[in-house]
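**Student:** What follows is the residue order along each chain.
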Amino acid sequence: MIRKGIFLVQEAFRTIRRHKGVTSISVIIMSLSLLMLAVFLLATDNLLRLVDNAQRDTKMYVYLEDTVGQSGIETLHREILSMDEVEGTIFVSKVSALEDFRLQLEDDADLLDALEANPLPNAFWVTPRDERKNSKDLAYLAGNIMQLEGVEEVRYGKEFLDKFSSIVTAVYYVDLFVGLIVILSAIFIISNAVRLTVIGRRKSIEILRLVGATNRFITMPFIIEGAFQGGLAALVSLILLMGVTILVRQFVPDLGFFSAEKTFLFTLACVMIGSIGSFAALRRFLRVGR
Amino acid sequence: MNDKHQDDRSVIGVYHLSKKYGDRMALDDVSLSVANGEFVFLVGPSGAGKSTLMRMIYMDETPTSGQVVVGKYVSTRMKRSQLPHLRRKVGVVFQDFKLLEDRDVFENVAISMRIRGARSFDVKRQVAHLLNQVGLYHKRNESPASLSGGEQQRVAIARAVVGSPAILLADEPTGNLDPEVTEEILRLLFRINSAGTAVLMATHNHEMVRNFGQRIVHLRDGTLHEDERTGLVGNLSDRLDTLQHERERLHRIENELSRARKVAAATTIASPAAVPGTAVATPDAPALSDASDKGGAEE
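One line per chain: the protein sequences are A and B, in this order.
First residue of the first sequence: 1, per this note's numbering; consecutive thereafter.
First residue of the second sequence: 1, per this note's numbering; consecutive thereafter.
Just so you know, the hints here were simulated from the structure itself, not pulled from any lab data.
Just so you know, these numbers come straight off a predicted model, no measurement behind them.
Glycine residues also receive a C-beta, built at the ideal position from the N, C-alpha and C atoms.
It is possible that part of the hints are untrue.
To be verified - Footprint (simulated), chain B over chain A, 3 or more residues, beta carbon under 8 Å:
1) 78 to 90
2) 243 to 254
Stated by the list, open to error - Derived pair list, reagent style DSS-like, types lysine-lysine, alpha-carbon separation capped at 27 Å:
3) A:203 with B:89
4) B:139 with B:124
5) A:4 with B:20
6) A:59 with A:4
7) A:4 with B:79
8) B:98 with A:59
9) B:72 with B:89
10) B:79 with B:124
11) B:89 with B:79
12) B:20 with B:79
13) A:94 with A:20
14) B:20 with B:98
15) A:59 with A:203
16) B:98 with A:4
17) B:20 with A:203
18) B:262 with A:203
19) A:20 with B:98
20) A:20 with A:203
21) B:139 with A:203
22) B:72 with A:158
23) A:4 with A:94
24) B:79 with B:139
25) A:4 with B:89
26) B:98 with B:79
27) B:79 with A:20
28) B:124 with B:98
29) A:136 with A:158
30) A:4 with A:20
31) A:4 with A:203
32) A:163 with A:136
Here chain A stands alone, though its shape is the one from the complex:
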């Protein structure tokens, strides 16, 4: 069993060496179509991160009535914190709010001296949980907080958030649609490239069947070869993508690359597409005759 396994791996690399030309062409074709896929995935990855960052900044401002005293503030703090949707709250007193305001005004801070009393209310900055940072959940949370005694107003940029989430939804669907086409065409191109290598060795396959090789004996070297080609093509396309990213960064400095984890997953997926493509192409040949 082990002896056969070693022989099959040797077989795979023997054929790769023997058919360098076909292997190279097939790896180049695969690399280019994977580059197309990788560009798409990277764009999606950046888009999602952009959306994520925008949402992470989402905060809810809860302004309190001036009549609420210290104990009322503490009660409200407890009540808001106990809500499911809430991650945390920070109390901003009217004094520190005015200080912040003064800092923001910079040179015009003198204007504030004209005020007789501090017009700013006490407030809570409420951070919702990440998964609740959508317009529907936030509207619900805002409604609940408004119900509490001593709350004057709740603000969370509703208009912006509504518009933003509808744009994100639209982009998301377009992305999904384009992604489907890109993935399908990558799989199509790769399986065709693999099929070419299989067709090139049809005669060998026929001979192996005649001398009594099992289907597994015939397919394993091809599957190993497909996996190798897929992995190699993934690495080539990632290197190309890195180059593209560096170029584009001159215009979009914030453009990020895949994390190590995603790079690994991408390579793994390509290895699998290569080996499954080989297997699928071979199955048709092995069915011939019987």
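Assemble chain B onto chain A, guided by the hints.
**Tutor:** Same frame as chain A, now just chain B:
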């Protein structure tokens, strides 16, 4: 129909086999049995159905009707997973050699053993032995493309028999070769046969094979036209023994005959009227006529 048809000694049993390609009948109700260790020529013009029959014996084609039995494998009950195991019991040689172009001579023969997971020590030893037998050990590292047709066919034959199959099928193995090389290949096939492997060889050339004294099965238009049996079954060396034995027996019969004549002549002198009765009364006479009948049937 069942495989009870097959007698104990037959390694290939073909029963009422028909194969239709579209409207064309490639084989029509062919029955044939090849005994263990037998050498059979399958003769017929191109398109007679020889290759179709061969392909159905190594089960690369399924019959339209009828049944093929090879050892314990029955075409009608064959599972796809059993096919490789059948192929290891049946060596096949083709007109176009079918060698793996991307491997050297050694690996072309070795592949038959590697697919069975043989140890590399055994592979080396056995392949070297066989390449020596077919006289190609010195070319073991060469690519098949650099060999002559006869040499390529010898490599193919070595590959076919390296696993000691019970049956060797040869489909026009000499079709691409000139007469001298053809003889060399035939001699190799006879040698393989004399070691106990049943050989079924298809050829369109009746002239070439008629004088070997082997069984010749004629296919014509997909039907079995004639089965020229010599009446003797066995490998070539057995056959030679049998011929020797037969010659001695004929010699004995001749002696008996001349002695009977002498006795008859003597009796005629004593009593001319009693000649027929005396001849019948001779104790050796029935044995004599019996033996000559048998001899006639066997011709």
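**Student:** Hints first: check each against the structure and report whether it holds.
**Tutor:** Hint check results:
1. 78 to 90: Violated, because only 0 residues of the region 78 to 90 of chain A bring their Cβ atoms closer than 8 Å to Cβ atoms of chain B.
2. 243 to 254: The restraint on the region 243 to 254 of chain A is violated, since only 0 of its residues have a Cβ under 8 Å from chain B and three are required.
3. A:203 with B:89: 22 Å, holds
4. B:139 with B:124: This hinted pair holds, its Cα atoms lying about 15 Å apart.
5. A:4 with B:20: 40 Å, violated
6. A:59 with A:4: 63 Å, violated
7. A:4 with B:79: 23 Å, holds
8. B:98 with A:59: Given that 27 Å is the threshold and the Cα spacing comes to 75 Å, the pair is violated.
9. B:72 with B:89: The hint holds at about 10 Å.
10. B:79 with B:124: 32 Å, violated
11. B:89 with B:79: Holds, at roughly 16 Å.
12. B:20 with B:79: 22 Å, holds
13. A:94 with A:20: Not OK: residue 94 (chain A) and residue 20 (chain A) at ~75 Å, beyond 27 Å, violated.
14. B:20 with B:98: 26 Å, holds
15. A:59 with A:203: Roughly 68 Å between the alpha carbons, so the hint for residue 59 (chain A) and residue 203 (chain A) is violated.
16. B:98 with A:4: Cα-Cα ~23 Å, so holds.
17. B:20 with A:203: Holds, because 25 Å separates the two Cα atoms, which is no more than 27 Å.
18. B:262 with A:203: 73 Å, violated
19. A:20 with B:98: 23 Å, holds
20. A:20 with A:203: Between residue 20 (chain A) and residue 203 (chain A) the Cα gap is close to 18 Å, so the pair holds against 27 Å.
21. B:139 with A:203: With a Cα-Cα distance of about 23 Å, the restraint between residue 139 (chain B) and residue 203 (chain A) holds, given a limit of 27 Å.
22. B:72 with A:158: The hint is violated at about 80 Å.
23. A:4 with A:94: Violated: residue 4 (chain A) and residue 94 (chain A) sit about 79 Å apart, past 27 Å.
24. B:79 with B:139: 39 Å, violated
25. A:4 with B:89: Judged against 27 Å, a Cα distance of about 20 Å means the pair holds.
26. B:98 with B:79: 25 Å, holds
27. B:79 with A:20: Not satisfied, since the Cα-Cα distance of roughly 37 Å exceeds 27 Å.
28. B:124 with B:98: 22 Å, holds
29. A:136 with A:158: 10 Å, holds
30. A:4 with A:20: With a Cα-Cα distance of about 24 Å, the restraint between residue 4 (chain A) and residue 20 (chain A) holds, given a limit of 27 Å.
31. A:4 with A:203: 22 Å, holds
32. A:163 with A:136: 12 Å, holds
The structure fails hints 1, 2, 5, 6, 8, 10, 13, 15, 18, 22, 23, 24, 27 (numbered hints given earlier, in ascending order).
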